[in-house]
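Novice: For chain A, the structure is supplied; the task is to place chain B on it using the hints.
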Amino acid sequence: MTGARRETRRGRSAGMLIGRLWSAALFLVLAFLVAYPVAMLLLGALTNTNPVVDGFGVFNLSLDNFVTVLANPNVHLALINSLIACAGGTALAVVIGLTFSWVVVRTNTPGKRFIAAASMLPLFVPPLVAAVAWSILASPRTGLLNVLLGAMGIEWRFNVYSMGGLICIFGIYYAPYVYMFTASALRNMDPSLEEAAEVTGATVLRTMFTVTFPLIAPAIISGMLLSFIVMLGIYGIPAVLGTPGDIPVLTTYIFKLTNWSPPLYSTAASVAIILMVVTGFLVWLQYKVTSRRSYTTVAGKAFRPALLNLGVWRYVTLGLAVVYLFVVVVLPTLALIIAAFRKFLSIRTVASLIDDRQYSLIHFERLFANPLVGRSIVNTMEVGLVTALVGGVLAFSIGYTINRTSLPGRRSIDILSTLPVAIPGLVVGVAYLWAWIGLPGGLYGTIWILALAFIARFMPDTVKALSTSLMQIHRELEEASWICGKGVLGTIRSIVLPLARPGVIAAMTLLFVLAIRELGSSLFLYTSNTMVMAVLLLDYYEGGNVGITAAFSLLQMLLLAVVIGIANLLSRGARGTETSMGRAG
Amino acid sequence: MPVMVSKRRFGAIMAGAVLAVAAGPAAAQNFGPPELIEAAKKEGKVIYYTADFAEVEQEIIKEFNKRFPFVKVEMVRAPGGQLITRIKTEAAAGKLAADVICHSDRGLILAMQDLLADYAPPNAADYREDVQVSPKIWPRQTLGWSIAYNTDLVKNPPKSWMDLTKPEYNNKQIGQVVGPSGGTTWTRTMFERQVLGDDYWKKQAAVGVALYPSGAPLSDSLVRGEVSIAPLLYNVIFTKKKDGAPVEIFFPPEGVPMNMYGAGITKTAANPNAAKLFLNWALSPEAQAFMIKELGYLTALKTPPAYPPGFDPAKVKVWVPNFEQYEKLREGWLEEWNKTYNYRQ
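Chains A and B, in that order, give the protein sequences.
Okay, so the first sequence: first residue is 31 according to the numbering used here, each after it adds one.
Okay, so the second sequence: first residue is 140 according to the numbering used here, each after it adds one.
One chain only, chain A, in its complex shape (with noise of 0.2 angstroms):
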């Protein structure tokens, strides 16, 4: 054996052994943020006890709160209306998202840069505001679309408190996450095979479902699932809509039973597990789906995608970004103004509307007169970056690990980097408290038990959002860089990181938004000094006071919208290129 092997053979020994380590490493990070936690939950679903109160030492085992929660009616009902709810609201997304995101990226519509925010724009606006807002302008009795319906002498009513209503306000605000799927799949896809089809004489309908939906799919399928589970774990907007019109479902009910005196945890650890296992039979078979074919569409050569001449249709598609930001983001943002300076909400004609007198900047004055509103933006500003930060490194190593590496263990850390999507906010909340408050050292109290609780949650969107840029390098541009003598560090800094840029920045936004909206884990884990503006806004509103809701929910959206636009800008002069959110989300 010459020495030169020799050499070859320990260098690549050494390899194996840092590959080793690095994916012990991972799994060690995720043992703690994600299985010992849903062990927590497992284990509090299993005894009906608290570890932490009662000791670890206590497993008296048994399946009663299963039984118990399988047996009820009133859970058949719950989980019935949550699927018919999910179901509906993710196929109006997926029409939403896919004709948006087919709009941006292979048209010519005019604007494309206004219709890419706006299919961005729901994302702000956290769940419990939008159904704040839509309950303001479309409950049967009062709601303001309905007074103006009156006024013209239409009989016909609008009724966001029913199944059809929850359906459609899903579907409008979820429709972002399928938008970002495969808005990004269609720009990194090569044109050639579409162009093939229009060559042979297809249909631009006919090209869009032979050749470029179905190219696409693992980016259709992985923004529906997502948006699916995301819509089954919402608390705010069936709460907001759904009570009135007595729908329950799994998530009211489970806030209904961790809100109980005393609280039924266990009996809510055990509904949270059947959420877990719809949740993951959708994960099994999206993974069934996708690992059957080869979506690599992002190549060496190099090209440049030709637009879709619409010709007057243009303007349809354009009219329909429209109408939709109006729906979304116009209407309802002018209920919140609306409610937050209007004194009382009670408008029972197009006149009481109008009438200036009724109108005063009291909610606002109350607002600001409170020390905590200053405080929880603070410190949610600080959570939100530190998650978005630390979270998007993780979520990196992770994805490249699972889609770029045959390292041992990359399965088992696909899986526990999946588990956290199954499980609600409400529920999830408290495991952490219970895995986390007993660790030596001060993190209880911090704003890093929240950050942490926010990487582990969401790891799995940010993951999935990373792993569909990932799976579409292809591998040959890897190869070319390890032939030229750079290692693996250097080829993921040189070729991997800047392609896969728009998803790693847009996973990051994703992370930061997210981690301020999110209110179900916030809640045990938030402390007097580290309060957060989600927090502070159920207050609001549980505190039955639609005026501050509304204003408190205003300065959120607005605070969100200038982060991400600062966001937006910095990410562009480093770049020098387009990496907006549009554009990468």
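If you're looking for bench data, these hints aren't it; they were derived computationally from the structure.
Each residue gets a CB set at the ideal place from its N, CA and C atoms; glycine is no exception.
Fair warning: there could be bad hints in the mix.
[As the list claims (entries may be wrong)] Pairs of lysine-lysine, PhoX-like flavour, derived with a Cα cap of 20 angstroms: (1) B:Lys298 / B:Lys342; (2) B:Lys342 / B:Lys311; (3) B:Lys211 / B:Lys181; (4) A:Lys373 / B:Lys381; (5) B:Lys201 / B:Lys180; (6) A:Lys373 / B:Lys380.
[To be verified] Here are some of the chain B residues that sit facing chain A, going by a computed Cβ distance under 8 angstroms: (7) Ile186; (8) Pro218; (9) Gln221; (10) Ala384.
Specialist: Positioned in the frame of chain A, the structure of chain B alone reads:
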């Protein structure tokens, strides 16, 4: 004939008046010995866990800080069930941050009294004995049920609890907070059955009422006109009326069910003196009067320092549940309530 007052005498009267204003309330009210106030000043803050609404608590804290600006109150507010879980878990991990705990369900706080230190306010003897569940737990807030209606919508308002079973208020004109919502609603449902009759629930359910998970969203719905009439805790709707909302509130003649919050100081309090001062003040006639007049609470003081508008002590009968029955009957009765109102738990 007008009385003439010399300049000098006028000056003396004014000086006396200023002194009286400055020293008066402090002298009349006993918030604790000077050493306590001094020690509280040194601690500088108190950590307060409460199940009451944050906005209302902020008002009370602001008033407390007018009297004692040197004690900063750091508040954690959570709904009842979640607050209990947090307290128990923090305590078990040896990390209970709270100096003072205040909860709407005295039964639940009683179950945790081992976490509480011995404490009694200087005016302990002035409180009603029948509302006290433990010598460590004090009725910091007292709430009373009332009936409110939207004046834009109701032309023939109800005048009693029994009126809420009349068919003329059918078709979800009445909003009702569900019985199992918490300690306060359990008190109301108990009152309805024990005082208004075994069949009251059945009669009212037959009218068709809109059910709400808690009182605050219901009060908002009443102001907006989503419902026309609602039994509500007086303090939940009082501030809205004070701000000019189109509502009227009255205390029904059959009785006003009262519910007390239970407050206590933790054994592990890092700021025990500030905690004591905070509760001493909150239980004093000064604070109770503020809460009655400005925020619409009632009080468990034997001699109330004030009454809310419309509360005629000669006419209104307050009703306090028997605590033993409050604990014993709860589960079975609420199950019946759920069935009667077709409420899915």
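Novice: Does each hint hold? Answer for all of them.
Specialist: Right, here's what the structure says about each hint:
1. B:Lys298 / B:Lys342: Holds, at roughly 17 angstroms.
2. B:Lys342 / B:Lys311: Holds, at about 14 angstroms.
3. B:Lys211 / B:Lys181: The hint holds at about 11 angstroms.
4. A:Lys373 / B:Lys381: holds (12 angstroms)
5. B:Lys201 / B:Lys180: OK: B:Lys201 and B:Lys180 at ~17 angstroms, within 20 angstroms.
6. A:Lys373 / B:Lys380: holds (11 angstroms)
7. Ile186: Holds, because the Cβ-Cβ distance from B:Ile186 to chain A comes to roughly 6 angstroms (cut-off 8 angstroms).
8. Pro218: holds (5 angstroms)
9. Gln221: Because about 6 angstroms separates B:Gln221 from the closest Cβ in chain A, which is inside the 8 angstroms limit, the hint holds.
10. Ala384: holds (5 angstroms)
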